[in-house]
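From first to last, the protein sequence lines are chains A and B. Quick note on the numbering used here: the first sequence kicks off at 100 and runs consecutively. Quick note on the numbering used here: the second sequence kicks off at 61 and runs consecutively.
Treat the hints as calculated values from the structure; they're not laboratory data. Backbone N, C-alpha and C fix where the C-beta goes; we use that ideal spot for every residue, glycine too. Mixed in with the good hints there might be a few duds.
[Unchecked claim] Which stretches of chain B does chain A cover? Using the computed rule of at least three CB atoms under 8 Å from a CB of chain A, they are:
id : stretch
1  : 145-159
2  : 168-180
3  : 212-221
4  : 259-272
5  : 333-341
[Claimed, not checked] Cβ-to-Cβ under 10 Å is the rule here; a few derived chain B residues that face chain A:
id : residue
6  : 114
7  : 118
8  : 188
9  : 355
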Amino acid sequence: MKISMSLFGTAAAMALLAGQAQADVSIMYADWLADLVEPGIEAYEQATGETVDAIKLPGEGYVERVALDLASGTAADVIQMDSFVVSELASAGYTMNLNDALAGWDQYPSYMSGLTEVVSYDGGVYALPTDTDVRMLWYSVPVMEKAGIALPWEPKSWDDILDAARQIQEKTGIEDAFLLPVGTKRGEATTMQGFYMALLGADVPEAGRNRLRDWDAGKWVGDSPAIRRTLELYKTIYIDEKLGTQATNYATDVDSTIRQGLREGTMGIVASGSWENSCIWDCSGGSELSQSERDGMVNWSEWPGSGLEGTMETTNISGGWAIGLNENASDKDAAFGLLTTIFDQGNFEDWTVTNGRMAVRTDISGGDAYQSDPFLARATPLAANTTGRDTFPGYQIVSALVQQMTADILEGLSVDEAVEEYHAALVDEFGEDNVITYE
Amino acid sequence: MSLRNDTKPWLSGGFGLVILASIPAVLFVGALIFFTVWVVTFSFTDLSLVGAKSVNWSWIGFDNYERLFTRRGFMESLWVTVSFTFFSAIVGQSLLGFLLASVMRALRGPLRGFIEVAIMLGWLLPDIVAAFLWSATTAENGLINSVVLGPLGFDSVNFLNEFAFPVVVVANVWKGTAWSYLLFSAALDSVPRDVIEAAQVDGATWWQRTRRVTLPMIKSHIGTNTLFITIWTFTYFPLVYAMTGGGPGRQTKVLSIFMYEQSFKIGKLGYGSAISVAMLLVVGLLAVFYVRLLKEPE
């Protein structure tokens, strides 16, 4: 009798657990996107009476978690993903081609076509972008003033940036005078906010001379003058002149450390992106400071090219995040319903404007709320001169190898040695035929 | 009638029940074998986490193993791991644990309780919390600089920038000494007091008593302790990763972090599997070495 009672108890507990876990549709997203996703979930549950299993995850390591969950078959039905992994996940067959479903959604034509290309693979759209971004050099206004640098600061070349950093160190003693994302811990930030922003201005913009991939030749660039110049820049900053500290890039909570440094005036210049306008103060867009108050404490300037002849005057590269569907979603219609509820115009516009995100839809970018935001009005023109990542399958590996190449410089390797390692690793991965060298 | 015959263990109720009860053990051992075989098998492939090679992978023979030695990364991380294990576990935790256990034997009362709780706190604190604690302690505006170096008139030092490896070693000594302390405390309790007293009567000094009497008598405990902490530290991940992410450069990139980066950041599961197999072999060899060392001479 005792056994049957305990069996009954176990069965009841399991039934209870199963009931809890058995939601109609599930979604996984990073905590910082909660302000967009959670009102969408609430609206979907109210409209349909279905329940949503919301899996909110920390931002650190999120990209790896998504890949691992999809590979092991345990991912949610609806998945937030960094736009640079969309083609990788699609090529593996993990995510769903949305072309047919999107054809029946009246709000889809508002998406800017250039941005839906970023989330496309082999002719199919595999996710909907949440936002796009631009990159810039953020600086502490009090630090610049203390260093005697004229404001607004408008550097025209890499030398101007380095000179400002030298002046900051000399006049204020601040160790992190210029922080260019470096190393493996910063992940994609090293590639996008750091390496690629410099690379684009390191050589003339022809074919793959200032890129990681030569799209005309269909090959990854294993060695080029631009790659070498960019590594020299890293070497100057972190090894030769120590204008920034290596450890800040490996801090226990890197983003918080850097944002605190900018807010409190213990850092000079930091290479980052447009999201910092809210994230330096509060990533959920909850800062009580007005835009002019923020600008008086932390401001930004465009990233200049290297200053070499023929290179671009300013550089920019855009990324962004997206939400797509699991190819193995149990109820694809329900998953698509949740996706479109999250991206419904009212909810999406609120989030975009409140968080100072750059719009991906014309019905939002043309709205009064977006048009009257002073930060967005100033930052949006930067998107006119931007480019995207080399989102060809394999980019994730290339990006990680770039991060390792910058870490090799920190380790004391010469530029020649670091490039040699990078080239060899690319050949290992893609074969000699798929790697090109520029003299 | 003896108690032994009176008691009928419920497990002896029948062959079916024994089979049923052994299922968890079979599943556990089966899972261990399955994952080991999985890792060894895929170490001979170019399997990726995402992209086309996550579905259409190929057999590439010993290429991954060859790359362990021909590409930068593995050998550098192996050296960092061996140094980290030697200094933080074998020297730091073992030695400090033994010294604390020896000293505390003579100590009684609330002071002993206080110190023991302090030692245990390091062990009980979650790794991530400990990482934040040590980062805050060693930061440029952290505890050491503001409470010690600043008031003494020294310039502040960014310890994680200048001395990343020593800092993670000290943090791990602090974190893990409690285990060695507990083990050596129990071991020292097992040394008969009359033997020590006899040596004392014969005029042996503290050092002579420790070296010639105590240490030989707790030799097996020393071996067990060294075996465990070597295995744990050799594959240790969270504290180091949270504190430094393996950097700056490769200064603190232990093998577990290298393997994690290759497998999940770069997405090369095949290469990551080869690194795991190599780690398994190194730890296995060390374990065999310790076990042989522990064997009493015939």
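These are the hints, each one checked on the structure:
With a threshold of 8 Å between beta carbons, the proposed coverage of the stretch 145-159 of chain B by chain A is violated, since 0 of its residues qualify and at least three are required. Given a C-beta distance limit of less than 8 Å, the hint that chain A covers the stretch 168-180 of chain B is violated, as 0 residues qualify and 3 are needed. Counting residues of the stretch 212-221 of chain B whose CB lies closer than 8 Å to any CB of chain A gives 3, so the stated coverage by that chain holds, three being the minimum. Taking a C-beta to C-beta cut-off of 8 Å, the stretch 259-272 of chain B contributes 0 residues in contact with chain A, too few for the three needed, and the coverage statement is violated.
Using a Cβ-Cβ cut-off of 8 Å, 0 residues of the stretch 333-341 of chain B lie near chain A, which falls short of the minimum of three, so the contact claim is violated. Taking 10 Å as the C-beta cut-off, the interface hint given for residue 114 of chain B holds, the closest approach to chain A being about 5 Å. Here the hint on residue 118 of chain B is broken, as its CB sits about 12 Å from the closest CB of chain A, past 10 Å. With a cut of 10 Å, the hint placing residue 188 of chain B at the interface with chain A holds, because the nearest CB-to-CB distance is about 8 Å.
Taking 10 Å as the C-beta cut-off, the interface hint given for residue 355 of chain B is violated, the closest approach to chain A being about 42 Å.
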